[in-house]
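Required output: the full structure, derived from the provided sequences and hints.
2 protein chains.
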Amino acid sequence: MKIATHTETFTNPLYLESGRILEPYELKYETYGALNEDKSNVVVICHALTGSHHAAGQYEGERKAGWWDEMIGDGKSIDTEDFFVICVNVIGSCFGSTGPMSPKYPASDPYRMKFPVITISDMVKAQRILFDRLGIHKAHAVIGGSMGGMQALCFAIEHPNFASCHILLASTHATGPWAIAFNKVAREALIQDPAFKDGFYDPVEIKESGLSGLATGRMCGYISYLSPDSMDKKFGRNYVQTDGLYELFGKFEIERYLDYNGLNFVNWFDPLSFLYITKAINIFDATRNYDSLEDSLGRINSEITLISFSNDLLFLPREMEKIHQTMGNIGKENLSKYIEIESSYGHDAFLVEIDKFAHHVRDALKER
Amino acid sequence: MKIATHTETFTNPLYLESGRILEPYELKYETYGALNEDKSNVVVICHALTGSHHAAGQYEGERKAGWWDEMIGDGKSIDTEDFFVICVNVIGSCFGSTGPMSPKYPASDPYRMKFPVITISDMVKAQRILFDRLGIHKAHAVIGGSMGGMQALCFAIEHPNFASCHILLASTHATGPWAIAFNKVAREALIQDPAFKDGFYDPVEIKESGLSGLATGRMCGYISYLSPDSMDKKFGRNYVQTDGLYELFGKFEIERYLDYNGLNFVNWFDPLSFLYITKAINIFDATRNYDSLEDSLGRINSEITLISFSNDLLFLPREMEKIHQTMGNIGKENLSKYIEIESSYGHDAFLVEIDKFAHHVRDALKER
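Heads up: the sequence lines are chains A and L, in that order. Under my numbering, the first residue of the first sequence is numbered 335, with each subsequent residue one higher. Under my numbering, the first residue of the second sequence is numbered 335, with each subsequent residue one higher.
Hints are computed from structural coordinates only; laboratory data are not their basis. Only a predicted model underlies this, so the values are computations on that prediction, with no experimental measurement involved. All residues carry an ideal CB built from backbone N, CA and C; glycine is no exception. Treat the hints loosely; a few may be bogus.
[Stated by the list, open to error] Within a straight-line C-alpha distance of at most 27 Å, the following computed DSS-like cross-link-like pairs (lysine-lysine) qualify:
id: 1; chain 1: A; residue 1: Lys656; chain 2: L; residue 2: Lys568
id: 2; chain 1: L; residue 1: Lys541; chain 2: L; residue 2: Lys531
id: 3; chain 1: A; residue 1: Lys671; chain 2: A; residue 2: Lys410
id: 4; chain 1: L; residue 1: Lys568; chain 2: A; residue 2: Lys531
id: 5; chain 1: A; residue 1: Lys567; chain 2: A; residue 2: Lys398
id: 6; chain 1: A; residue 1: Lys656; chain 2: L; residue 2: Lys567
id: 7; chain 1: A; residue 1: Lys567; chain 2: L; residue 2: Lys613
id: 8; chain 1: A; residue 1: Lys585; chain 2: L; residue 2: Lys448
id: 9; chain 1: A; residue 1: Lys410; chain 2: A; residue 2: Lys438
[Unchecked claim] Beta-carbon label-pair distances, calculated as ranges:
id: 10; chain 1: L; residue 1: Arg652; chain 2: A; residue 2: Asp532; range: 43 to 49 Å
id: 11; chain 1: L; residue 1: Met335; chain 2: A; residue 2: Phe583; range: 36 to 42 Å
id: 12; chain 1: A; residue 1: Phe583; chain 2: L; residue 2: Pro537; range: 21 to 27 Å
id: 13; chain 1: L; residue 1: Asp416; chain 2: A; residue 2: Tyr624; range: 54 to 60 Å
Shown next, in the form of structure tokens:
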């Protein structure tokens, strides 16, 4: 599989939903496989909150492969012998595309809290502009899980002639109050941390001294990504073993897990990107700018495949089922397919239970 | 209904599970109705994490009645014309019983972080000692929801000859990693707040200047007490209306709700009590000190009624069902009754969906 990473710079303004503009801006993206002659084999992968353009492959010295490496590659479900796969780091993120810590032109100081509010539509719009520049005006498919699924739905509704099929996993048509509440706790924990300095933190310093608010916020996220079942299996009520003894009043393994992953988060993700992207997720509602879900889904004229996971407690299966039912209500049942995967892994299933859904993705890509 | 509030002081040491002692200690409790001549009409009510001895009735100037006022009173399900109802503030709490902010005898300074770790068994043991002093050696029933249900189960297992029936609502046989994870986030948010001062906060000052860590912690609790359904119904994706306009990028009603309840928490609950009681909940496991759940439940020789709520995401219905199944496995099915109530309210249902379960409590009290 041929992998390439690029950064594209745009000097024309990006007009955002908020009314504000980004100018200039950059998009970092990664491609897998080769574009065919008539450019008909493009598959766009959209990443989730803390994901990046690095969806597959493993670079030298890297500890782990890209976040969906099991899905994307030669002979895999998203087969790079057939498809030219492209994954773009969303604007607002911190892996190379323009985000809150990018310099606010013409100054070299970062935007920080002056970065504009970003929406899922903005993320998608920026990707469309990149694809146009690359001469890609049509895609075979757009695929994404969680926030990536929101982008895929947004492609289907707002850019209805762009892709032939859209595959959403563990996602929703509108972020519900339950998910907003989890984000609220996470955001509050971060914002209230004095080391966050109202957004004026030193990015190097926080890596050294830690940012407990971001850590706590991330822990809260983990609760929503997992499920009672997966936690029971993985941790149960096990205590952390110390000096050969279990301290009865000591730390639980689930607590150690949250500590480790919470504290480590600052080493690989930016606090302000976390704020801006959780905000974009909160704002997401496919009916915004439309009269109703019927109205917005009425714009879709290509296939959508909706894959939910039984134990997903962040975006409940019924939320994707509602998209499918609404497609039926407006006479578009032939364009919509809904699959609920039995899984104990919760929301994270779209990242870890590959075996359970990979063939559905493969099928959806083949049907067209 | 006759209501009385008392405080009892004990100078004999309370031997705790940790090996430490409390000496002296006080217990605050409230009673409703009248004790009959042969002292056979006692119903013990056990409160939850942030509850208190004030379970029913409304004092002059009080904004709200006691936390289970709909359940307890003349002619109500827990009928004070028949029963002498007693509710004790647990040790470790902050409503009058000895807790972390009580003076550490012989000094007048509070214990703070030197307060010993408390378990559910300790809370129950202290209540038993109080009842003994009151000449109450048998109760008709012990009833409790959430942490109150843990106490009821603990009464049934560790004091098997005390009560004739035990009613647990929205509770569990052992706190699972899912609930521990919620507590972890809440506890971290509090502990990391500099205004918590490692437990050396000024209780008056924090009421004035706020304690954002406790607020965030409480918000996290609220997520686990509610459910996607109840949040959908109550808040949906509604934005807070400002100046007659909805700010599209503004605050959601669910966020305002969490802000209000989070920030207000410091006005009526003590941060250290929050730490100690969540710890007691985390530690709770009916199999501790026993070989298995079969072994511990094998000690029960009176009725237990288990009432769970379909949407409870903190203590899942299957957790209480497991108690019932295990009672069956050990040939005690005649002592156990399991009822699952259909409710969209989540964990909080035991406080708000009274109409749906009150008759089950009434029936359970009558059967004996």
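Right, here's what the structure says about each hint:
no.	hint	verdict
1	A:Lys656 with L:Lys568	holds (19 Å)
2	L:Lys541 with L:Lys531	holds (14 Å)
3	A:Lys671 with A:Lys410	holds (22 Å)
4	L:Lys568 with A:Lys531	violated (34 Å)
5	A:Lys567 with A:Lys398	holds (24 Å)
6	A:Lys656 with L:Lys567	holds (16 Å)
7	A:Lys567 with L:Lys613	holds (22 Å)
8	A:Lys585 with L:Lys448	holds (18 Å)
9	A:Lys410 with A:Lys438	violated (41 Å)
10	L:Arg652 with A:Asp532: 43 to 49 Å	holds (44 Å)
11	L:Met335 with A:Phe583: 36 to 42 Å	holds (40 Å)
12	A:Phe583 with L:Pro537: 21 to 27 Å	holds (25 Å)
13	L:Asp416 with A:Tyr624: 54 to 60 Å	holds (59 Å)
In the structure shown, a violation is registered for the earlier hints numbered 4, 9, in ascending order.
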